[in-house]
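Q: Chain residues, written in single-letter form:
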Amino acid sequence: MTTPSQALAPAQRAVQLLGGDLSEVALRQHLEGLPTVDAVGLEARAASFGTRSIKTTSKAAALDTAIRMIDLTTLQGADTRGKVRSLVAKALVPDASDPSTPRPAAVCVYGDMVGNAVEALGSAWSAGKDDGINVAAVATAFPAGRASIAVKLQDTRDAVAAGADEIDMVIDRGAFLEGNYGKVFDEIVQTKEACRRDDGTFAHLKVILETGELVTYDNVRRASWLSILAGGDFIKTSTGKVQPAATLPVTTLMLQVVRDWERLTGERIGVKPAGGISTSKDAIKYLVAVAETCGEAWLDPHLFRFGASSLLNDVLLQRQKLTTGRYSGPDYVTID
Amino acid sequence: MATAKTATTTASRAAAKPSTRLDVPKTYKLFIGGAFPRSESGRVTEVTDARGRFVANVAKASRKDAREAVRAARKAQPGWAGATAYNRGQVLYRVAEVLEGRKAQFVDELQKTEGLTAARAAKQVEAAIDLWVWHAGWTDKIAQIGGNANPVAGPYFNLSVPEPTGVVAIVAPQAQSLLGLTSVVAPALVTGNTVVVVPGGAGLSAISLGEVLATSDLPGGVVNILPGDAAELAPWLAGHADVNALDLTGAGELDWVELEQLAADTLKRVIRPVAGPAPETPQRILALTETKTVWHTKSRL
Chain D
1 MTTPSQALAP AQRAVQLLGG DLSEVALRQH LEGLPTVDAV GLEARAASFG TRSIKTTSKA
61 AALDTAIRMI DLTTLQGADT RGKVRSLVAK ALVPDASDPS TPRPAAVCVY GDMVGNAVEA
121 LGSAWSAGKD DGINVAAVAT AFPAGRASIA VKLQDTRDAV AAGADEIDMV IDRGAFLEGN
181 YGKVFDEIVQ TKEACRRDDG TFAHLKVILE TGELVTYDNV RRASWLSILA GGDFIKTSTG
241 KVQPAATLPV TTLMLQVVRD WERLTGERIG VKPAGGISTS KDAIKYLVAV AETCGEAWLD
301 PHLFRFGASS LLNDVLLQRQ KLTTGRYSGP DYVTID
Chain U
1 MATAKTATTT ASRAAAKPST RLDVPKTYKL FIGGAFPRSE SGRVTEVTDA RGRFVANVAK
61 ASRKDAREAV RAARKAQPGW AGATAYNRGQ VLYRVAEVLE GRKAQFVDEL QKTEGLTAAR
121 AAKQVEAAID LWVWHAGWTD KIAQIGGNAN PVAGPYFNLS VPEPTGVVAI VAPQAQSLLG
181 LTSVVAPALV TGNTVVVVPG GAGLSAISLG EVLATSDLPG GVVNILPGDA AELAPWLAGH
241 ADVNALDLTG AGELDWVELE QLAADTLKRV IRPVAGPAPE TPQRILALTE TKTVWHTKSR
301 L
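Chains as they are written, first to last, in full-length UniProt numbering: chain D, 1 to 336; chain U, 1 to 301.
No lab work stands behind these hints: they were computed from the structure.
Hints may be right or wrong, so weigh each one.
Unchecked claim - Dumping the calculated DSS-like pairs for lysine-lysine here, alpha-carbon to alpha-carbon at most 30 Å:
#1 Lys75(U) with Lys59(D)
#2 Lys55(D) with Lys321(D)
#3 Lys64(U) with Lys55(D)
#4 Lys123(U) with Lys103(U)
#5 Lys123(U) with Lys83(D)
#6 Lys241(D) with Lys75(U)
#7 Lys83(D) with Lys55(D)
If we strip away everything but chain U, and leave its shape as in the complex, we get (with noise of 0.2 Å):
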């Protein structure tokens, strides 16, 4: 403390005082319908960097938690799905916005949880915002692309378009955690479908992106993140009826085919972690949803 000298002035007192000021660590918690709980376990996981200095810790999700996030991915998809494509758009691209402001703490998390260099870490905050902005501009032409007016031997309009599946799960990939993140969630959002994540990594810089889609006009459930044991989680949401679709894409170092097995009995659709659709591909899209065909009688007139 300054006690021993009196200093000759403010400034100069100001400078040689040690700072008795506290860090305030934050404790990343749960994303579940729009707010951030606590496990109901009560169990965190403790996030080290490289060198094994403290950063933060994680709430570690258990199945009640994944419970209560398919609950609320349930409640928000009816509403998601009825929001114009436009404005899936728009909120998509106002994730981006936000993500774009707040890039100097997704670095420094990347950097601390992944060891990357400041660089290399903008880089691939930088990727995850221009994805954003690539999944924004598809939702209101994706239709176009899935849908199809079919031919037909009649005086009918027949009509194909893509629909969402519903509620999806995911296994968020392992490595550069929040560009993954964003590869599997981001296309899911564009139709109108719900997700309930298991992120890869350390889970600082997902529940940081939680941050930003809640303030980004995205309705609370439609993102639920539950960073934690993917190996524990993905078998109850696998199995899950409510659950509609499953994408394993980072499920590629658990036994993800006993989990395929799991989700047949609810006959859901599977995105498995090897050869599925390319990233960043309109199909990638498509792959979570369902086809629609309408008829409609033409004019006779």
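Isolated chain D (complex conformation) (with noise of 0.2 Å):
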């Protein structure tokens, strides 16, 4: 499935509510001016996420719900392309004993993969409908991010020409906790730009704030506005290869300021936690907290995902037990 990308022209968005000079100094002042996180608030409200009795059908539906957010990510150095095969193969067939099994919504590669990502999934590719698997690629060096802008973008056109419907990039954190939110706004815009296809269409952005690495939710909120202003049409918890990675406060925090933000402008955008979501109790918290955040609106694949590997086994063998009455065990689902 594929996003229609917002019609705006990158850092459109900062103009409209900075003003059209666009000085650092203003984006500062919106930035510093945000209010402080309530941080015992916070995860207190997270905590209480964990407490709804969700069983039988509201849980069927919690599943199914998870498996088709998930972007279905291998983002390892050994990758293959067998192991890119394998993984589409799970995304078309998530469970082969169950054709009524939902899809992903994205396959998650690095750059170079897309090109294999993209023949493996043949007909079921979305490629600009909206009714496909995508295929999402992480770039400007991820996961660091420790390379020169001009490296960034060409990471990030080659795997737009190669057919990724989705980009996800990195944040220049050593930028932002220097305060030079400037750099950090301008990347982001600069990979919109590149993500512009041949027909003036946008790849989808996600940006990742790695907030493992901002230290704190302060920080966060920042990095959040400072990502939607320069335009991301979704916002990245992490990597997953920094700890602490995606975490429910954090999450909840983000969701908090989507809201804000489409209350503001009637815009929405985004939300994709990833790294150590690996169980169907933690998803259906982070279920929970979508709704009772941004509201049920936002339960759809267009504004939620998971960034997940081993989470959709997890969530297949619940659903097993939900469908046969049994408890089921981890030699009836595929290894990806």
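Work from the hints to combine the two standalone chains into their complex.
A: Quick look at the structure:
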């Protein structure tokens, strides 16, 4: 499935919100003027999402929703073409014992594997339609992001040219922590520009904040706003290469930002927690967080995704348990 | 209270003073993954002796406890099967040693829960200890009985070796709770299986055996003990896809044909309550193994 990219030119949101001159000072004033985060309240709120009782039909619906939101991911140095093919096969037929199992939203691979993923998906590749599986590529010198801007942009263009429907970029955390918001902003704007296809449409841009390196909730809130202002279509918690990766409080905070942005502008931004979500129980807590922070309209693969690899198998085991009434085991799902 | 008279000597005062100390009765909990959790359901069974006097509360395992126990057993299985046969033998022998040291506790529990005389209770405990020793000896010898070098018409070695089946769910015999439990758990452990067992009887000696296992260098999760209602737990274990074998030795009173049918859905190896392999035989140990056959070239030098 493909998400129609925003018609806005890059950086246009910031121009609309902060004024035409778009100076670094204006950006800094806006970001540092954001209210601080009540950490205790946020963590208590996040903990409360785990207390909902979700059983039987609600659980079945939640599990299917979770599968539809998964970006099935393999991001290893040891990835081979065969590994990507088998990941795609898993996305096409998540559970061979139950053809009614929904498919995940996308497969997420390194940029050089995009061509292989597209080829393996064949007719199931969304390629601009809204009823297939997207190919997402990590770019901009993932996961550290420590490369020149020229290298990062070329990385992005290569992936888009190979057919990537979605680009997962990393922000320059070093520059952000130095307080150099303008540099981070410019890089996102330029990467968004690099997502432009020949026909003028844009690949969907997800901006990875790497919240585990941003240290404070206040920084996460600022980075979220910064990414949205610069033109990100999604804000994503983590690369999965740094601990802590996605946590429920951080994801809740980011959901609050996109909710606020929608109230301010009417525009909907997506959120993608990634890394460390490996059980159905966790996934359902996140779905509760989405529904209770942004509303049920956000329970849509266009607006919420899980970056995960082992989560799918756990959800399938739970799904089999619900269908058959008996506990299933890891021998009954494929190893991707 | 000893307030009426002032005592003359310290010794007589101590003797005369009624004890104000309260007993600390032990709650017998579950044994899962090397730990002793309560049942997630919060349920307990009150155990009384033959005259109806309170003995102890025993946690009553639920479906979700069984699920956790299978998970723990699965996690522990590769490590236990990967330990050397010699090492497994040492651990099982250690169980016998530790059991010997705590004989009095087991005699006491069996007297209370099974109404035995001290002599008969001691006899059961000793038989259980001897059975652990017997099985300890088999760990590095069972492959010689169950395996073979097969004759083939070619320049190959063709070797069949017994390997553990995996996770074994067991319904232990009701009678002679300690000896019965040992007679089904020990043979599964010899080859490297891990065990989820619903013990028979009141569950006291089963959980005390869990304490012995936990202090005998047996890795956590190799044996998981779920005191509770076998009729409630056995169907979940029989249907559980991540359980590889089902030992119904103690399920004679249950609808064990139904359990066997449930187990058949996931191709489990099943030991029936009737006409199963005799206890204390190598065949009983080999009943929970799979045969792996390998070909290997002979040198042509």
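Q: Regarding the pair Lys64(U) and Lys55(D), is the alpha-carbon distance no greater than 30 Å?
A: 14 Å, holds
Q: Regarding the pair Lys241(D) and Lys75(U), is the alpha-carbon distance no greater than 30 Å?
A: 25 Å, holds
Q: Given the proposed pairing of Lys55(D) with Lys321(D), does the C-alpha separation stay at or below 30 Å?
A: At roughly 12 Å apart (the allowed maximum being 30 Å), Lys321(D) and Lys55(D) satisfy the hint.
Q: Need the status of pair Lys123(U), Lys83(D): alpha-carbon distance at most 30 Å?
A: 60 Å, violated
Q: Holds or violated: are the alpha carbons of Lys83(D) and Lys55(D) at most 30 Å from each other?
A: Not satisfied, since the Cα-Cα distance of roughly 35 Å exceeds 30 Å.
Q: Is the hinted pair Lys123(U) and Lys103(U) satisfied, with a Cα-Cα distance of at most 30 Å?
A: Holds, because 10 Å separates the two Cα atoms, which is no more than 30 Å.
Q: Taking 30 Å as the top limit, are the C-alpha atoms of Lys75(U) and Lys59(D) close enough?
A: Satisfied, since the Cα-Cα distance of roughly 26 Å is no more than 30 Å.
Violated hints, listed in ascending order, are 5 and 7; each of the other numbered hints is respected by the structure.
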